[in-house]
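Peer 1: Chains as they are written, first to last, in full-length UniProt numbering: chain A, 1 to 365; chain B, 1 to 290; chain C, 1 to 520.
These aren't lab readings, by the way, just hints derived from the structure by calculation. Heads up, some of the hints might be wrong.
Unchecked claim - Which stretches of chain A does chain B cover? Using the computed rule of at least three CB atoms under 8 Å from a CB of chain B, they are: (1) 198–206; (2) 290–299; (3) 327–339.
What the hints assert, rightly or not - Counterexamples of contact, computed for chain A against chain C with all Cβ distances above 10 Å: (4) R24; (5) D59; (6) P65; (7) Y79; (8) L123; (9) P149; (10) Q190; (11) T230; (12) R237; (13) R247; (14) G249.
To be verified - Partial list, computed: chain C residues near chain A (C-beta under 10 Å): (15) T323; (16) R346; (17) D368; (18) M372; (19) Q375; (20) R381; (21) V442.
Beta carbons: idealized from backbone N, C-alpha and C, even for Gly.
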Amino acid sequence: MTGVENPVGTPPTTSAPARGDGARRVGVVVRRLVLSPAVLSVAGALALTTIVMIAVGVDPSLAYPALVRGALMDGNLEYTLAAYVPTLGMAVAFAIPLRAGEFNLGGDGQLSLGGIVAAALALHAGGSYVVPLVGAALAGALVAGLSAPLRTRLGIPAIVSTLLLSAPAVSLASYLARFPLAEPGTGLAQTPLLPESARLPAFGSSSYVTIALPLVAALTALWLYADARTVPGYEIRALGANREFARYGGVRVDRMAAVTLAAGGAFAGLVGGLIVLGPPYRFVDGALTAPGYTFTAIAAVLLAAGRPPAIPAAVALLTILQAGGQGMEREAGVPSQLTQIVQGLIIVIVSVAAVVRSRWTGRQA
Amino acid sequence: MNAFLAAVLTATAPVVLAALGGLLCSVSGVFNMALEGQLLWGAFTAVLFSHMTGSAWLGVAGAVLATTLYALLLSVPAVTFRADPVVVAVGTNLLALGLTAFLMRQVFGSGGTFSSPDLSGLPTLAELGLDLPVLGPQSPLVPAAFLLVAWAAWWLGRTRSGLRLRGIGQHAEAAESIGLRVPAYRHAAVLGAGALCGLGGAQLALGNVTLFSEGMSAGRGWVAVVAVMLAGARPWLGLAACLLFGAAEALGFRLQGLGLPQQAADAAPYLITLLALVVAAATRRKVRTV
Amino acid sequence: MSVPPHDRPVAGAPAVELAGITKRFGDVLANDGIDLAVARGEVHAVVGENGAGKSTLMSVLYGLHRPDAGQVLRAGVPVRLRSPADAIAHGLGMVHQRLRLFPGLSVAENVVIGAEPVRRGMLDRAAADRAVAGLSERYGLDVDPSARVGELPVGVRQRVEILKALYRRAEVLILDEPTAVLTPGETEGLLRMVREFAAEGVSVLLVTHKLEEVLAASDRVTVLRGGRVTGRFDTAATSADELVQAMIGRSLGAPPHGPRPTGTPSGPAEAMAYVLEVRDLHLRDQDGVAAVAEVSFGVRAGEIVGLAGVAGSGQRELVEAVTGLRRAGSGEVLLEGRPVEGGRERRVAYVPADRAGRATAPIMSLADNLLMGEQRGIRLRPDRMRQRAAALVERFSIRASSVRAPIAQLSGGNAQKAVLARELSRDTPVLVVEEPTQGVDVGAQERIHALLAEARDAGRAVLLQSSELSELRALADRVLVMFEGRVVADLPVAEATDERLGAAMTGAARPEQGDAEATG
Numbered sequence: 001m002t003g004v005e006n007p008v009g010t011p012p013t014t015s016a017p018a019r020g021d022g023a024r025r026v027g028v029v030v031r032r033l034v035l036s037p038a039v040l041s042v043a044g045a046l047a048l049t050t051i052v053m054i055a056v057g058v059d060p061s062l063a064y065p066a067l068v069r070g071a072l073m074d075g076n077l078e079y080t081l082a083a084y085v086p087t088l089g090m091a092v093a094f095a096i097p098l099r100a101g102e103f104n105l106g107g108d109g110q111l112s113l114g115g116i117v118a119a120a121l122a123l124h125a126g127g128s129y130v131v132p133l134v135g136a137a138l139a140g141a142l143v144a145g146l147s148a149p150l151r152t153r154l155g156i157p158a159i160v161s162t163l164l165l166s167a168p169a170v171s172l173a174s175y176l177a178r179f180p181l182a183e184p185g186t187g188l189a190q191t192p193l194l195p196e197s198a199r200l201p202a203f204g205s206s207s208y209v210t211i212a213l214p215l216v217a218a219l220t221a222l223w224l225y226a227d228a229r230t231v232p233g234y235e236i237r238a239l240g241a242n243r244e245f246a247r248y249g250g251v252r253v254d255r256m257a258a259v260t261l262a263a264g265g266a267f268a269g270l271v272g273g274l275i276v277l278g279p280p281y282r283f284v285d286g287a288l289t290a291p292g293y294t295f296t297a298i299a300a301v302l303l304a305a306g307r308p309p310a311i312p313a314a315v316a317l318l319t320i321l322q323a324g325g326q327g328m329e330r331e332a333g334v335p336s337q338l339t340q341i342v343q344g345l346i347i348v349i350v351s352v353a354a355v356v357r358s359r360w361t362g363r364q365a
Numbered sequence: 001m002n003a004f005l006a007a008v009l010t011a012t013a014p015v016v017l018a019a020l021g022g023l024l025c026s027v028s029g030v031f032n033m034a035l036e037g038q039l040l041w042g043a044f045t046a047v048l049f050s051h052m053t054g055s056a057w058l059g060v061a062g063a064v065l066a067t068t069l070y071a072l073l074l075s076v077p078a079v080t081f082r083a084d085p086v087v088v089a090v091g092t093n094l095l096a097l098g099l100t101a102f103l104m105r106q107v108f109g110s111g112g113t114f115s116s117p118d119l120s121g122l123p124t125l126a127e128l129g130l131d132l133p134v135l136g137p138q139s140p141l142v143p144a145a146f147l148l149v150a151w152a153a154w155w156l157g158r159t160r161s162g163l164r165l166r167g168i169g170q171h172a173e174a175a176e177s178i179g180l181r182v183p184a185y186r187h188a189a190v191l192g193a194g195a196l197c198g199l200g201g202a203q204l205a206l207g208n209v210t211l212f213s214e215g216m217s218a219g220r221g222w223v224a225v226v227a228v229m230l231a232g233a234r235p236w237l238g239l240a241a242c243l244l245f246g247a248a249e250a251l252g253f254r255l256q257g258l259g260l261p262q263q264a265a266d267a268a269p270y271l272i273t274l275l276a277l278v279v280a281a282a283t284r285r286k287v288r289t290v
Numbered sequence: 001m002s003v004p005p006h007d008r009p010v011a012g013a014p015a016v017e018l019a020g021i022t023k024r025f026g027d028v029l030a031n032d033g034i035d036l037a038v039a040r041g042e043v044h045a046v047v048g049e050n051g052a053g054k055s056t057l058m059s060v061l062y063g064l065h066r067p068d069a070g071q072v073l074r075a076g077v078p079v080r081l082r083s084p085a086d087a088i089a090h091g092l093g094m095v096h097q098r099l100r101l102f103p104g105l106s107v108a109e110n111v112v113i114g115a116e117p118v119r120r121g122m123l124d125r126a127a128a129d130r131a132v133a134g135l136s137e138r139y140g141l142d143v144d145p146s147a148r149v150g151e152l153p154v155g156v157r158q159r160v161e162i163l164k165a166l167y168r169r170a171e172v173l174i175l176d177e178p179t180a181v182l183t184p185g186e187t188e189g190l191l192r193m194v195r196e197f198a199a200e201g202v203s204v205l206l207v208t209h210k211l212e213e214v215l216a217a218s219d220r221v222t223v224l225r226g227g228r229v230t231g232r233f234d235t236a237a238t239s240a241d242e243l244v245q246a247m248i249g250r251s252l253g254a255p256p257h258g259p260r261p262t263g264t265p266s267g268p269a270e271a272m273a274y275v276l277e278v279r280d281l282h283l284r285d286q287d288g289v290a291a292v293a294e295v296s297f298g299v300r301a302g303e304i305v306g307l308a309g310v311a312g313s314g315q316r317e318l319v320e321a322v323t324g325l326r327r328a329g330s331g332e333v334l335l336e337g338r339p340v341e342g343g344r345e346r347r348v349a350y351v352p353a354d355r356a357g358r359a360t361a362p363i364m365s366l367a368d369n370l371l372m373g374e375q376r377g378i379r380l381r382p383d384r385m386r387q388r389a390a391a392l393v394e395r396f397s398i399r400a401s402s403v404r405a406p407i408a409q410l411s412g413g414n415a416q417k418a419v420l421a422r423e424l425s426r427d428t429p430v431l432v433v434e435e436p437t438q439g440v441d442v443g444a445q446e447r448i449h450a451l452l453a454e455a456r457d458a459g460r461a462v463l464l465q466s467s468e469l470s471e472l473r474a475l476a477d478r479v480l481v482m483f484e485g486r487v488v489a490d491l492p493v494a495e496a497t498d499e500r501l502g503a504a505m506t507g508a509a510r511p512e513q514g515d516a517e518a519t520g
């Protein structure tokens, strides 16, 4: 692999803005904001998207308002919020190992296994939603954790092994949902409706949003705190910044890499469980992977460009795009895959913007 | 047995083409993980151009051209701007997924799968008058894929530009200091990989079948990436890895006919590829510690 | 421009001339109106401290940088050098300090790449082998064309670099710090070779900071300081003192420490006890090849033991075993009588040679870098961390814009001081230091030497690995020399002359080895 250091895993720490008169400081802040890779990439991606729209004969002045309405108005906000929760969870699932320099591209597999395990436990173990959620997290941790010894003992990059394990995990979940756990008599690829006791309580009076929202938000906050303010968080960042430096400093690098991969997998498995235990309260084959949470989340994390506190905002932006895409399809007749195009472009542009900017600031230093 | 061998070659050919592209990039020092998206893009553009022109061969040419252009999305960021090729590849793979699904709806008016009687597929060698065993029912691109491997092995080892490409991958600074234009070679390798993926995609959509469906590359590009990791700079080893994958896929289809669940057949190629990777890594380790 | 454009060589003009070269990087003026001319068959030394502008100037000459002002003339003709390819086409050849070879290719492939002989569209390997063998014989370089470069010792690799330039018919040869990687014997051989090239009419630019070499091999000397020429001398008519004056603008101060007492501050009984003791240590590298064998020695409190040897003689592996980063094959490493455990040993402070690869994480902040090794418990206290960092910055006079800025922004000397600050501030009985002054300017060198002497006087046991023999002589009480994984000499500093160290480093000190590695 080229590139020893990992430009997205750890932020280039920037020095505090120089003290000066107020106007100049505002100017510095504004310039830094406008030139930040995130802003540049979103602007660039939107510009390119507009060009695509015009090229296929769609009027952007109709499409964009439809996008906003589809995401935020006409009662769609609740739906967008419901999509925000799993996307944020999957973003953390990708970001935790990334801080240690490992790519977890196996989110779909971890998500699906978590979901099917939660469904199985809810159907057959009885009781509340706690056991199914713990089981889901463990399942995700297990399948992601498999990549750790492959990486540390055999030198197989996690980005490859997580991805290769993902498809079989999705297949396994699909098999379980179609045969041993299938709803009898319907022939549909889904489990029976889960018992009331195991269903997640609604958040407020919402019919889509469950207590998964506060739960995921709290866990994300916990991770952000751990990353910035704890010794393990520091050691993980050091590992991602320079593996040999971390080893030299007494960090148990192999164990730490394994922990981050398993933790990421646990997060993804938990998200799978949260989806299944929420409406429509069953595991439907393909329903977890079809919305593309995993890659929307990856795009969001890369968009946050190594600044974890920016991840919730980046996820929000891309979820709005994603949800709004449906509205755009309904109202303006633009296929909703347009949002996937935007995400792909954002990742490409952000990767370039990050390098160009660090070179630019490097020359200033 | 002949039918099984034929199935293996059919399954292997697109992967071999993608892996060969990845190998050229790897030799030049660029880690190319964008093969999956490029195969998909190649498959789509092959169908698009074949449908537009009514000629399968123009479809192949269009796919090669369009995918070479698509590879600019990797080569410009990764080579010119020195962005992380892994991140760029994550982006271009996602983009290919969205772009093909989007354009499919715009151009063909529907999602899912597109096939049409107007769509002309590649002729088989038998139809071209070469009724050989095993190869007869294949498109000409299948033997071409294997001949390209031989050509690449010769070119890397025996020609001036091949030697230079190997040097650049080993030590770019050293190559620069003797006046080689490193970015030019790397651009060429990445764009060449794009052309090969275009060819692979065309074989997938116009040779193996005659249709396009969303996400039809189905992980073959990732298998190609693994094959490159296994092969290092040795094209023949890459071919062996691809054949292993092809055999797994063909065997999966066979077993499915015998009552194995479809999910197991879907999973088999990935698991076998991973297993090959593990075995290779483990033996390499053992050799080292003896 | 003062020189009218013309395109034919001018009789009697210098082989190469740099006229008024100015090169700026951001706010830094790396070269400021430098003039330099080298005659045909002349060995011209370019000396100066790190950061004086030598590398920039040579990069301009070799087409790696384009000057902001000034021009390069070959045989009196102005030439435009936009890339190394241009420089090569104009008969320039360069041997970089960090060798630029392809480890996986053969010697012959390395030499001809970029200018390969071709027959019927294919590489003509036989012709390449013949050409390399011919050149090798003509200049007495003794290199096997079919050997794989990655498997050759450093000294031979350097000769491959020289062959590369000769194969391209270089008439001007730039050697950038060529002796940094060589043993004293190899250095002597190289300098002899340089004189031979000059006798054949090749002009040689010898970039170095070692004055003995300048005086031994060059015809003329140009001294740079702060991007300007501060002196031009005929070698025959100058002295080391005069050159130093021009290099640093003053004479070197007194050595960083006075004559030291023969005993240690503590009692004689304690002085005898080894704080660090290595007993019959055997180590294998990751390929299973023996890297260290039968090594035994001890370091007492208040003592600096030097470790010398050609790169790759087992020093790195030995240091890793002492610091706990490598598991012993057999034998033991004892710290105050207790064995070193696996994982980084907390009782040893360690300054690694590889600053960007091991000693720091370049993209992390200075404060984050200063913390490594001292992180304990669960909570990180950023304010306390920054306070401690600020205190270290103050105490070790590290020049940094902010402790929050990435350490990559610091100069080599300041980054090294940061690493030393971190390690010296740890309360450990043993200090292990590798190449403490590599890539560090002369001013910082003095300060670093003083810090190491201070640590010794404070009663630490110091193991100092260095490839600068002068550094070992200035600081160490004893010098151990490693060759092929074994300690082949253990000399008190008074007996550690260049000749004896050099002989030991090439294995000549081992009776059964005889004068194997003979060079030149």
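Peer 1: Next, verify each hint and record whether it holds.
Peer 2: Evaluated hints:
1. 198–206: It is violated, with 0 qualifying residues against the three required.
2. 290–299: With 3 residues close enough to chain B, the hint holds.
3. 327–339: holds (count 4)
4. R24: holds (18 Å)
5. D59: holds (45 Å)
6. P65: holds (42 Å)
7. Y79: At about 39 Å from chain C, A/Y79 clears the 10 Å cut-off, so the statement holds.
8. L123: holds (39 Å)
9. P149: Since the minimum Cβ distance to chain C is about 18 Å, A/P149 lies beyond 10 Å and the statement holds.
10. Q190: holds (44 Å)
11. T230: violated (5 Å)
12. R237: Incorrect as stated: the minimum Cβ-Cβ distance to chain C is 7 Å, not above 10 Å.
13. R247: violated (7 Å)
14. G249: With a cut-off of 10 Å, A/G249 comes too close to chain C, as the shortest Cβ separation is near 4 Å.
15. T323: Given a least distance of 8 Å, the restraint on C/T323 holds.
16. R346: holds (7 Å)
17. D368: holds (7 Å)
18. M372: Holds. Min distance 4 Å.
19. Q375: This interface hint holds because 5 Å falls under the 10 Å limit.
20. R381: holds (8 Å)
21. V442: violated (24 Å)
In terms of the numbered hints stated before, the structure departs from hints 1, 11, 12, 13, 14, 21, listed from lowest to highest.
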